[in-house]
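Undergrad: As a plain string of letters, each chain reads:
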Amino acid sequence: DAMVIQNPRYQVTQFGKPVTLSCSQTLNHNVMYWYQQKSSQAPKLLFHYYDKDFNNEADTPDNFQSRRPNTSFCFLDIRSPGLGDAAMYLCATSSTGTGYYIQYFGAGTRLSVL
Amino acid sequence: AQTVTQSQPEMSVQEAETVTLSCTYDTSESDYYLFWYKQPPSRQMILVIRQEAYKQQNATENRFSVNFQKAAKSFSLKISDSQLGDAAMYFCAYRRKQGGSEKLVFGKGTKLTVNP
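Each protein sequence line maps, in turn, to chains R and S. Under this note's numbering, the first sequence has 105 at position 105, and the numbering climbs by one with no breaks. Under this note's numbering, the second sequence has 46 at position 46, and the numbering climbs by one with no breaks.
Keep in mind that the hints are not guaranteed to be accurate.
[To be verified] Each computed DSSO-like pair below joins lysine-lysine, with the alpha-carbon atoms no more than 30 angstroms apart:
hint : chain 1 : residue 1 : chain 2 : residue 2
1    : S       : Lys78     : R       : Lys44
2    : S       : Lys55     : S       : Lys108
3    : S       : Lys55     : R       : Lys17
4    : R       : Lys44     : S       : Lys108
5    : R       : Lys44     : S       : Lys70
None of these hints come from the bench; they were simulated from the model.
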């Protein structure tokens with residue numbers, strides 16, 4: 001089945017130690033998103049790629065970076081994780097070729113910062 | 001800026017009963033999309049139902065239906081014959097129609113508990 005896959009499902013890192021979360025998709029969608037979701041809150045968009053074009057949200061901290069080497073993969077890099085960065089990170093995709101621009105989500109990576 | 005409000009942080013329903021989750025939004029756009037997403041515990045968020053603003057007919061997907069009141073900017077979700085598997089966090093979301101990669105604006109969510 002075509003899907004959005006996030007690895008790992010759970011990630012533990014130390015305060016200040018860089019960490020990378022990955023997302024891959026078999027939907028061949030041209031748009032990929034990264035959301036941060038803290039406990040019992042709505043997902044908060046960090047940034048998205050429209051094809052190769054990177055679009056950062058105005059309030060996304062500089063500590064968060066992203067890479068999209070090809071259509072299928074997208075990475076979220078946290079350069080120096082703080083305790084406040086502990087959250088669920090969701091990857092989503094959409095296609096501008098479909099009528100509803102529905103976003104398809106991965107299962108998420110839960111990041112713990114020790 | 002568009003906003004989405006879900007006024008019910010938590011709701012509960014008995015199995016096989018019907019429950020309605022509320023959502024209101026604020027926008028100056030005339031055409032847009034509205035969505036309900038379901039996020040079960042520790043599982044991925046999935047689309048439950050969608051509505052295009054220009055369509056007057058309320059969307060229906062099996063046991064899920066919406067009551068879309070455009071003038072009132074209201075978009076409620078009705079779940080009929082509730083099942084234990086319906087227990088989840090439900091998010092209402094808005095998306096502008098213009099543009100290719102417009103972000104979803106989410107409400108804060110409603111946690112639905114289904115009691116056996």
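Undergrad: A separate judgement is required for each hint: does it hold in the structure or not?
TA: Taking the hints in turn, this is what the structure says about them:
1. Lys78(S) <-> Lys44(R): It holds: about 26 angstroms lies between the C-alpha atoms, which stays within 30 angstroms.
2. Lys55(S) <-> Lys108(S): 25 angstroms, holds
3. Lys55(S) <-> Lys17(R): 50 angstroms, violated
4. Lys44(R) <-> Lys108(S): Answer holds: Lys44(R) to Lys108(S) is near 10 angstroms, not above 30 angstroms.
5. Lys44(R) <-> Lys70(S): Status holds; Cα separation ~26 angstroms.
Checked against the numbered hints given earlier, the structure breaks only hint 3 and satisfies all the rest.
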